[in-house]
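Q: Sequence:
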Amino acid sequence: MALSLYIKLGFPILYFFIFLLLPDVSMVGYISNPAIGAKIYNLGHNLVFPVLLTFIYLFSQTPLLLAIAIVWSAHIFMDRTMGYGLKYSDEFKHTHIQNL
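All residue numbers for the sequence shown refer to my numbering, where the first residue is 1031 and numbers rise by one.
No lab work stands behind these hints: they were computed from the structure.
From the three backbone atoms N, C-alpha and C, an ideal C-beta is built for every residue, glycine too.
A hint or two may mislead.
Restraint ranges, calculated between C-beta atoms of paired labels, are given here [what the hints assert, rightly or not]:
1) Leu-1094 <-> Asp-1054: 14 to 22 Å
2) Thr-1092 <-> Asn-1063: 35 to 43 Å
3) Phe-1122 <-> Gly-1040: 31 to 39 Å
4) Leu-1044 <-> Leu-1088: 23 to 31 Å
5) Lys-1123 <-> Pro-1042: 32 to 40 Å
6) Val-1058 <-> Leu-1088: 17 to 25 Å
Lysine to aspartate or glutamate pairs mimicking DMTMM-like chemistry, simulated, CA-CA at most 20 Å apart [as the list claims (entries may be wrong)]:
7) Lys-1123 <-> Asp-1109
8) Lys-1123 <-> Asp-1054
9) Lys-1069 <-> Asp-1054
10) Lys-1069 <-> Glu-1121
11) Lys-1069 <-> Asp-1109
12) Lys-1069 <-> Asp-1120
Turn these sequences into a full structure, and let the hints guide you.
A: This is the structure we're talking about:
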């Protein structure tokens, strides 16, 4: 559905696939330790920021903000569909959905 909306709004389809996995860069925090890793990962994998970008778009009419919000939301929902949830601070595989 996100891809359909993205295409309908005229955004370049190639960018959708290039940036779809970008939020997973937030896993880099796990290099330091699981607690820091979970906090950084959860910042990149909750809907607060995509929703905020959408509201800012409504007032600024900056299409890039909407494009980012759509791709970011698609990534989050894709992760949830596959069982990857927000992380607890004890270990990477312990999520709010399940233990992986």
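Q: If a hint holds in the structure, say so; if it does not, say that too.
A: So, going through the hints one by one against the coordinates:
| no. | hint | verdict |
| --- | --- | --- |
| 1 | Leu-1094 <-> Asp-1054: 14 to 22 Å | holds (21 Å) |
| 2 | Thr-1092 <-> Asn-1063: 35 to 43 Å | holds (37 Å) |
| 3 | Phe-1122 <-> Gly-1040: 31 to 39 Å | holds (38 Å) |
| 4 | Leu-1044 <-> Leu-1088: 23 to 31 Å | holds (26 Å) |
| 5 | Lys-1123 <-> Pro-1042: 32 to 40 Å | holds (35 Å) |
| 6 | Val-1058 <-> Leu-1088: 17 to 25 Å | violated (32 Å) |
| 7 | Lys-1123 <-> Asp-1109 | holds (13 Å) |
| 8 | Lys-1123 <-> Asp-1054 | holds (14 Å) |
| 9 | Lys-1069 <-> Asp-1054 | holds (13 Å) |
| 10 | Lys-1069 <-> Glu-1121 | holds (12 Å) |
| 11 | Lys-1069 <-> Asp-1109 | holds (17 Å) |
| 12 | Lys-1069 <-> Asp-1120 | holds (11 Å) |
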